[in-house]
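Quick mapping for you: the protein sequence lines, in order, are chains A and B.
Anchor point for the first sequence: position 129 equals 129 in the working numbering, and the numbering is continuous, going up by one each time.
One gets the working numbering by counting positions in the second sequence from 1 and adding 1000 to each.
No lab work stands behind these hints, which were simulated from the structure alone.
Where hints are given, some of them may not hold.
As the list claims (entries may be wrong) - With a cut-off of at most 35 Å between alpha-carbon atoms, the simulated DSBU-like pairs for lysine-lysine come out as follows:
1) B:Lys1171 / A:Lys136
2) A:Lys10 / B:Lys1002
3) A:Lys10 / A:Lys35
4) B:Lys1249 / B:Lys1171
5) A:Lys154 / B:Lys1249
6) A:Lys35 / B:Lys1171
7) A:Lys136 / B:Lys1206
8) A:Lys136 / A:Lys10
9) B:Lys1206 / A:Lys36
10) A:Lys30 / B:Lys1002
11) A:Lys136 / B:Lys1249
12) B:Lys1002 / A:Lys154
13) A:Lys154 / A:Lys10
14) B:Lys1002 / A:Lys157
15) A:Lys30 / A:Lys10
16) B:Lys1249 / A:Lys30
Spelled out, the chains give:
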Amino acid sequence: MELLEALSAKFNYWIYVIIMMIGLYAMISKNNLVKKLIGMSIFQTAIILFYVSIGVKEGDTIPILYHDQVHPSHGDSHHEADTGHGEDHHPSHEEIVANLHIEPDDFANPLPHVLMLTAIVVGVATLGVGLALTQKIYRDFGSIEENEILESIKSAK
Amino acid sequence: MKSFALIAVVLTGWLLLSAVSDFPDWGDTESPANDYRLSQHYITETFPETSVPNMVTAVLADYRGYDTMFETVVIFVAGIAIMSILRRKPLDHLKDKGKETRTYKKDPDLIIDTTCRLMIPIIQLFALYVVAHGHHSPGGGFQGGVIFGASFILLALSRDLQAAQRWVPEKRVLNLAGIGILIYSGFGFACMLLGSNFLDYEILHKIMPATPIEARSHSMLGVEIGVAFTCTAIMFSIYSNLASNGDMKETL
């Protein structure tokens, strides 16, 4: 039972390690270059999952402020009703900030999200270049199986 | 090879899992990553400092703007690399020309054609929304750019590559991708010309009808538009090069 509790408190790490192992195995053991690239993508997904799961907080939401926080409505603001401003009065940035109260634990940690956005973009770039290289290899050797490519390189010598 | 791979993978997995007990629990607000004052600062001070409610976009395009600029360059370079890897030599191209007698004119399927005709403008409109509203709701330049590129890919899939190439020919792809990076770095250099640091948008209030804080928000929108240009162009170019095996004639 204790083991189960320890497992459930850290299940995100178990999942990321398992997905990462699948990707790593595909990258090392598969003969087909496209399958290797698929393994690389799975590996990247595992790392992305790891980072994003680090930024999670209990009971949080996405790291975007609520609409009510940045656009205080007229109904909520008793201050406005007292001064009797018109309906089209927009509070200035300073006024909003003065009334703004942000609890850091209400929002997920934005830093891992930003880093993983970078990782996703770089992942697209590497996957694209990898597929292009694979296509070029297929054009030159007529195969994307690693052992067949090695054989044709040897026989050409 | 297979057994060796299995041993290596299991060993790696065991090493990583043996460290799991030292990691913070799921959703722990006191964990080092969440308790560190940098991420606390991003959550509480992003809106007061930049007037952007979406912290992710603010960190991406403002606080870490230099990183994102070169991320855009990475996309650009990947697109160029794919083009140059797959492009055949001119000699091969001439050889192919002899047997290129079959004019590839597919009869467009009524259902697919009509559906895509209806969907592509809506996809493009949604992409523009994702770019333009990226600093107030989930979205941004990369996401919007990929959606916009996907609309051209849908056109290429539903008709043929030529139909999509009429809108984004190779030359325009390169121009758009370059323009995107020029917009981004242009914002950086504009800041330098006005006497501030590279990509320090606050100074841009001198040439924008905005306060220094709003200038940061508007500049973020500007650089996201630049990112979207590059992303749109390169996503379509990656697809068209990979799908046509580099000769840009016929696709899958």
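Cross-check of the supplied hints:
1. B:Lys1171 / A:Lys136: 22 Å, holds
2. A:Lys10 / B:Lys1002: At roughly 30 Å apart (the allowed maximum being 35 Å), Lys1002 of chain B and Lys10 of chain A satisfy the hint.
3. A:Lys10 / A:Lys35: 30 Å, holds
4. B:Lys1249 / B:Lys1171: 15 Å, holds
5. A:Lys154 / B:Lys1249: 34 Å, holds
6. A:Lys35 / B:Lys1171: With a Cα-Cα distance of about 33 Å, the restraint between Lys35 of chain A and Lys1171 of chain B holds, given a limit of 35 Å.
7. A:Lys136 / B:Lys1206: Violated - the C-alpha atoms of Lys1206 of chain B and Lys136 of chain A are around 51 Å apart, more than 35 Å.
8. A:Lys136 / A:Lys10: 43 Å, violated
9. B:Lys1206 / A:Lys36: The hint is violated at about 52 Å.
10. A:Lys30 / B:Lys1002: Given pair Lys30 of chain A, Lys1002 of chain B holds - Cα atoms ~8 Å apart, limit 35 Å.
11. A:Lys136 / B:Lys1249: Roughly 17 Å between the alpha carbons, so the hint for Lys136 of chain A and Lys1249 of chain B holds.
12. B:Lys1002 / A:Lys154: Between Lys1002 of chain B and Lys154 of chain A the Cα gap is close to 23 Å, so the pair holds against 35 Å.
13. A:Lys154 / A:Lys10: 49 Å, violated
14. B:Lys1002 / A:Lys157: Holds. Lys1002 of chain B to Lys157 of chain A sits at ~28 Å (cutoff 35 Å).
15. A:Lys30 / A:Lys10: 30 Å, holds
16. B:Lys1249 / A:Lys30: 32 Å, holds
Hint violations for this structure: numbers 7, 8, 9, 13, all remaining hints satisfied.
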